[in-house]
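Peer 1: Each chain, written out:
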Amino acid sequence: MHENSVIRHAGITLRALPGMARFALRCAPADAPRASQALGLDLPLAALTASAGAGRAALWLGPDEWLILAEDGAAETLPPAMEDAFAATPFSLVEVSGRQLAYGLSGPGAEEVLAEGCPLDLSDAAFGPGTCTRTLFGKVEMVLWRPGPEPAWHIEVWRSFAPHLHAHLREALLDL
Amino acid sequence: MSAPFRTHQGGRPDRARTLRFTFDGRTYDGHPGDTLASALLAHGVHLTGRSFKYHRPRGILSAGPEEPNALVELDAGPGRREPNSRATMVPLRDGLLARSQNRWPSLAWDAGALTGAAAALLPAGFYYKTFMGPGRAWEKLYEPLIRRMAGLGRAPAEADPDRYAQRYAHCDVLVVGAGPAGLAAALAAARGGARVILCDEQMEMGGSLLSQPGTRIAGLPGWEWLEVALAELRALKVRLLPRTTAFSYGLQNMVSLAELPERAEGPRERLWMVRAARVVLATGAIERPLPFSGNDRPGVMLADAARVYALRYGVLAGHRAAVLAAHDSGYEAAFALQAAGMEIAAILDPRAAPPADLLAEATGRGIRVLAGQGVARSLGGRRVTGLISTGGERIGCDLLLMAGGWTPSVHLFSQARGALRWDAARDAYLPDTAPEAVLCAGACQGSYGLGACLAEGHAAGGGHGAAPGAQPGREPSGMPTAQAVAGAAKAPMAFVDFQNDVQAKDIALAVREGFRSIEHVKRYTTNGMATDQGKTSNMVGLAIAAATLGQEIPAVGLTRYRHPVTPTGFGGLAGRHRGDLFEPIRRAPLHGWAEAEGALFEPVAQWRRARAFPRAGEDLHAAVLRECRAVRQAAGIFDASTLGKIEVVGPDAAEFLERLYVNPWKKLAPGRCRYGIMLREDGFVTDDGVVGRMAADRFHVTTTTGGAARVLHMMEDYLQTEFPELRVWLTSTTEQWAVIALQGPKARTILEPFVEGLDISAASFPHMSVAACRVMGIPARLFRVSFTGELGFEVNVAPDQAPALWRALMRAGAPHGLTPYGTEAMHVLRAEKGYIIVSQETDGTVTPDDAGLSWAVGKAKRDFVGKRSLARPEMRRRDRPQLVGLLPRGTVPQEGAQILASPGARMAEGHVTSAYWSPALDRPIALGLLAGGRERMGQTVYATVMGGAPIAMEVTDPVFLDKAGERVNA
Amino acid sequence: MLLIRCPHCGDRPEVEFRHGGEAHLARPPEPAALSDAEWAAYLHQRRNPRGPHAERWRHIHGCGRFFNAVRDTLTDRFLATYPTGAARPDGTQQGDPA
Amino acid sequence: MSMRRFSLLSLAREALRGHSGWQPQWRSPPSPAAAYDAVIVGGGGHGLATAYYLAREHGMRRIAVLEKGWIGGGNTGRNTTIIRSNYLFPESAALYDHALKLWEGLSRELNYNVMFSPRGVLMSAHSVHDIQSFQRHIHANRLAGVDNEWLTPEQCKAFCPPLDISPHARYPVLGGALQRRGGTARHDAVAWGYARAASALGVDIIQNCEVTGIRREGPGGAVSALETTKGLVRTARVGVVAAGSTSLVMAMAGLRMPLESYPLQALVSEPVKPVFPCVVMSNTVHAYISQSDKGELVIGAGTDQYTSYSQAGSIQILTHTLDAITEMFPMFRRMRMLRAWGGIVDVTPDRSPIIGLTPVPGLFVNCGWGTGGFKATPGSGHVFAATIAKGEPHPIAAPFNLARFETGRMIDEAAAAAVAH
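Residue numbers (the working numbering), protein chains in the order written: chain X, 1 to 176; chain V, 1 to 970; chain L, 1 to 98; chain U, 1 to 421.
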């Protein structure tokens, strides 16, 4: 079901995003700059912010936790690069490419669909471009990321919860 | 032909369009903008229901949500039957089908009315004083009878096909109530740039303006100003929510609204959960009835309601009205009704000296005023025909209106834990201080004039822009309710709570019987506990209780307001969470294949796991026997993906695991695994699983399927709050790895050709090893572990790759007899080896030693979670239940059967935790927990049987098969 | 539904959090040294006050971090939230003006 | 004070004179006497029952019940009135079945119709784990002489027609454990019935009288008096039955308890004609439901996740409860919630009550009933009265001692229903 299902209604599109390489990076905040070197973009240190560039993104999920999204090939290249960057400094890099899937929700008013299950204030003032967080949609945990100023949302969800989340988003969208 | 009681013109309903509806089988017509109540009144229909206890005939009392009487059943087709709908709040729609409730055989002729005749025998609380026997008479005879008489509508009987939605919302200002005060507040706030939500329970915004066409605001006629205001609000992007009731005020301004959307076909209800920085309550006030004999007859209404039906709906509720005006608003209603074409028989004003200006206007209008007189009793049967005044005068009328004063709606304010203060001048409780950011405006804080409402709303909304002005109204006055209820406690059939048939004398009886707290009075009489929740009965009841107690009203106090403000649909509160969306159904990556194979599934926590793969003609038992034999004799393939997995990474990973698990870890070499056991701090087993050391600073920890989230949470708890100094991090990898288990003597033969970069021979890849490698070209982590006692491997690969690998292994394994097996076979195979399953062999009261797992406990370890508790006296008792094997003679005992020392014993000495037919031993086997079990090997004990003779069982070692472990080390 | 101020993420609705029971019950470094009574007190006895109560929360569906809070258990008003391991802020003791 | 007997006859006689002859059902002295032989702190069902049995079975005369608010205003008036005794461990089964036997004769004993209605309590199983757990309960219950039987899904549907047993439900009903002797009762009537009977035996019931201090001037720090908002009360024997407030009262005697107080919410629907004949409890789906004699569906929710003494409700508890109810009973989606409220329940680490002595001589405690206290009311009062009167635990109460948390002899009823493997 997940391949390339696309749903459009009331000017809003819900679609499954293609596969990508994902890593859970955990390390002391002080050591985070080391990762930026291997990653090729600055690891965000400010809470709830994401940085993106060159087809990659790093999402701050906690004071010592980041979700790295990268092109497929990174699954092989990034771990060794990180090993070198951190050298003797302790850190934890765990590939989670298969753990979760991603959906895109875009179009004016898309946050109204998210408001069906997400308890956060998703207005520009409260959830501006570059904001990301782990939160809930109904009974399912998700990572929500708003890359840019346009009303477009990137949603990460663990694989086995994806059908439920998608069905819930879909029903909310069609009833907008 | 327009309805007989419709005024020639005027009112909000769109007279150009006609809607047809049926009530109790008769068809009527109405217009868009009507409610079911207004449309019925347009046809002179007052009798709409029967009361709860005495089944007295009841008519429409009000024009709003406070309606206690006109509760009808709506039927919109299969699964769409709805009981107890307030006709006053049901927007008329074409084809609407409504029926009266709580009457047999018909509304006009209800057998239930016989209880009315015995009313003298049935005061408040009569059911506590009788029905106490003989024998089980209560539940066999009296209770069924009472249950049939009680209840109002019929519960829906079929599953509801409609959809329900929910929405979180955030705003700067939430305004509750879109009357003049609320509209002014929303305008002021929105003009100030605030994000505003405005909701109102009526189908149209405007509140009291809808029944005041003649007023002028900011130089415009009332209704015109209303249109202009709503247009400006839309332009300022205010979210307007008509047909939406604010029913619950939670902490920190989390206010819940129930919306009944104008339905083309979307959801029937939507629950809004609004977090507002500030809340403005503009919820208006509700008129009070007055207690006199027969004040419940159809045709007796609240005075303002009749005025609203005339001016808002263009419907005269009768031809000739008498008005009992203890409050000035009664006069205003009379004057308005007369202007609309209704004859006013008289105004009875219990005040000795009514206000001079009102007397003058009444006289000017040719309306008789009987000052200093009330109503002794009403006349008529299923419709009022007249009254006898307290002065003894008979007055004929077909409409008797009560104006007992006003109760500001402070329900939401008190839910916000706002304090209320008694205002003697207003004869009402008004909002005082509140811990939340909430302001009140208009009638809900005792300001009834239009000018005051607009001004207070404007201020509460922040005062931005010009305040809409209106000419100030006269200052209303009325007889305090405490005085107006005097003598009511002696009058028969003088009702306080119309729906629950609570009479004034019932309240006096309650106080006399020692129920002196107002909360006791409410519970003993059920006053205020009907579907209208005391909106018209609380204050009158309180006044009578206070009078009987000889106290002032404020000294007696109010009962506590409970949510919801008005009854709220289960469907909206449940929202989307129904059917598959009730809760996530989690499916592992190989679920599709198993489903295609016709597997039987069982729910395990939120997962679905394949329980068995029955072939044609096989039942579960037959399939399990075949699957077990295949694993023992050839090889089985099993999906273990749902097991929890946690990557523990960091220089202190081993130290951290040493503290969390009973086992030692520091000396475990990379490439080796160990079966780990985790306790709670109270010493009891809470989870277990194989832990593989991938590297010096990296462990692949597995947990039970049900325990995955719990174990990760417990680890984060200890790591963050007790051992912050440890440099180690945790990452859930439960769904990063699909797990294909290959178990059986042919397992290596089948797997070896697929493995690259690793020698998995017995010598170089012994039992309890782990290594990274490639399988069929796929990066994998290969474990040599066994939960069956056979030579076993678990291949961990990325979920997307698992189906292809599984099918390849199936093809390669076919010649060797490779057979897929499910959780049921897994249970049997592991039981044959005496391996425990946490939450089946353990139940939160079992220690490692009880489960025969002391060998796993690191003896040299100074401490681990739960260790101190294991030293407590209770944990060292010799007669603690211990894991044993059991060989039942004859049939397989039930899991959960109690174990007895002798067939006739009454005290259990343990219970059977697992029981199966063992294909390997070709006999029933069981595991159980038995007091001092390890010292009772060879004894015969007995398993209880439901309704049968206990089954004899011999106590044995829990390992039934290959005790030396040759097969697993092959 | 409470609004809880996570030290890292700011104000978030209660559904994202998991309550962690009474705070400042540090696990004894040497459990073996405690008597059964002392160990039972650590495991099971709780102040359970009506008024300011120091408790643990975890922003489990958020940043994942544990933190402490002082909440008045009669009004459910939060007086303070502060990182795990930090001392209870003054002015939030039992009996202090809430 | 002689107790005017309640009966159809007395009702009829009073009907002739407009019910003017009824006397207060219990005496409410405005303030407590200076001293009593025993004082019960807490005027809920358990407290009033304790006082009644102290007077009736142990011949004590000078007894007082001190209630800080109005009697029956706490959890007694806020629960979902479910009564059953099919608990797992023999100690629990003995305690709750002792109560159930007392329920069966209570209306006649108190001459007050408490409307005990043994309509059957059906616990629904939704997984293999549930089946194992319930069957273990049934085997253990039968051994302890407690009725409990296994039903197939079809038998469950026959016993409770509104139940949805379709195999396509998110959590299909795989069967159920039925205790026919279980059922419901009218909670207010239990408090008032015991109050009336105790008052008739001379017990002083003092409302709006809150205990603010416990004096321990007796030998060995024994209890000697209670400070209250209505003056000092001398006594050497105090029984604390204060439910959610127990920790606060025991702290006055310098004791810290293994208790945490949580809000527990419940709700009722609008009243409808009879449609729900029994009680259904589903631990997996978190749905607890029956129908009152007035026709309201009475629905229990779970506790809040944080400790609190505020009885404010929270919307997400209600939405979670009602999505479970409408999942198991889809036809109720068009019913409406009429009233929702909360009580404060005191929960112990092993979810079993504490009945017995405390380290303070003369101070006895009966608490920790958590979410399931109403069903035990008569039994709890009966064994606690014996414990107070004799100064040593009644045999049925003995296992539920305070010391068990030190020895580790827990009676963990909740653990047995732990989550699936």
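Check before you lean on any hint, since a few could be wrong.
What the hints assert, rightly or not - Once the Cα atoms are required to be at most 27 Å apart in a straight line, the calculated DSS-like pairs of lysine-lysine come out as:
hint	chain 1	residue 1	chain 2	residue 2
1	V	Lys666	V	Lys867
2	V	Lys140	U	Lys294
3	V	Lys140	U	Lys101
4	V	Lys237	V	Lys490
5	U	Lys273	U	Lys68
6	V	Lys861	V	Lys666
7	V	Lys490	V	Lys666
8	V	Lys859	V	Lys963
9	U	Lys273	V	Lys140
10	U	Lys294	U	Lys273
11	V	Lys490	V	Lys667
12	V	Lys140	U	Lys157
Stated by the list, open to error - Examples of chain L residues lying across from chain X (beta carbon under 8 Å, computed):
hint	residue
13	Cys9
14	Val15
15	Glu16
16	His61
17	Arg65
Claimed, not checked - Per label pair, the in silico range of CB-to-CB distance:
hint	chain 1	residue 1	chain 2	residue 2	range
18	X	Gly40	V	Gly671	55 to 61 Å
19	L	Leu74	U	Glu57	33 to 39 Å
20	X	Ala46	V	Ala277	54 to 60 Å
If you're looking for bench data, these hints aren't it; they were derived computationally from the structure.
Because the structure is a prediction, the values reported are computed rather than measured.
Each residue gets a CB set at the ideal place from its N, CA and C atoms; glycine is no exception.
Peer 1: Could you run down the list of hints and mark each one as holding or not?
Peer 2: Tested hints:
no.: 1; hint: V/Lys666 x V/Lys867; verdict: 18 Å, holds
no.: 2; hint: V/Lys140 x U/Lys294; verdict: 17 Å, holds
no.: 3; hint: V/Lys140 x U/Lys101; verdict: 18 Å, holds
no.: 4; hint: V/Lys237 x V/Lys490; verdict: 57 Å, violated
no.: 5; hint: U/Lys273 x U/Lys68; verdict: 38 Å, violated
no.: 6; hint: V/Lys861 x V/Lys666; verdict: 11 Å, holds
no.: 7; hint: V/Lys490 x V/Lys666; verdict: 87 Å, violated
no.: 8; hint: V/Lys859 x V/Lys963; verdict: 24 Å, holds
no.: 9; hint: U/Lys273 x V/Lys140; verdict: 17 Å, holds
no.: 10; hint: U/Lys294 x U/Lys273; verdict: 9 Å, holds
no.: 11; hint: V/Lys490 x V/Lys667; verdict: 90 Å, violated
no.: 12; hint: V/Lys140 x U/Lys157; verdict: 21 Å, holds
no.: 13; hint: Cys9; verdict: 6 Å, holds
no.: 14; hint: Val15; verdict: 6 Å, holds
no.: 15; hint: Glu16; verdict: 6 Å, holds
no.: 16; hint: His61; verdict: 5 Å, holds
no.: 17; hint: Arg65; verdict: 6 Å, holds
no.: 18; hint: X/Gly40 x V/Gly671: 55 to 61 Å; verdict: 33 Å, violated
no.: 19; hint: L/Leu74 x U/Glu57: 33 to 39 Å; verdict: 38 Å, holds
no.: 20; hint: X/Ala46 x V/Ala277: 54 to 60 Å; verdict: 24 Å, violated
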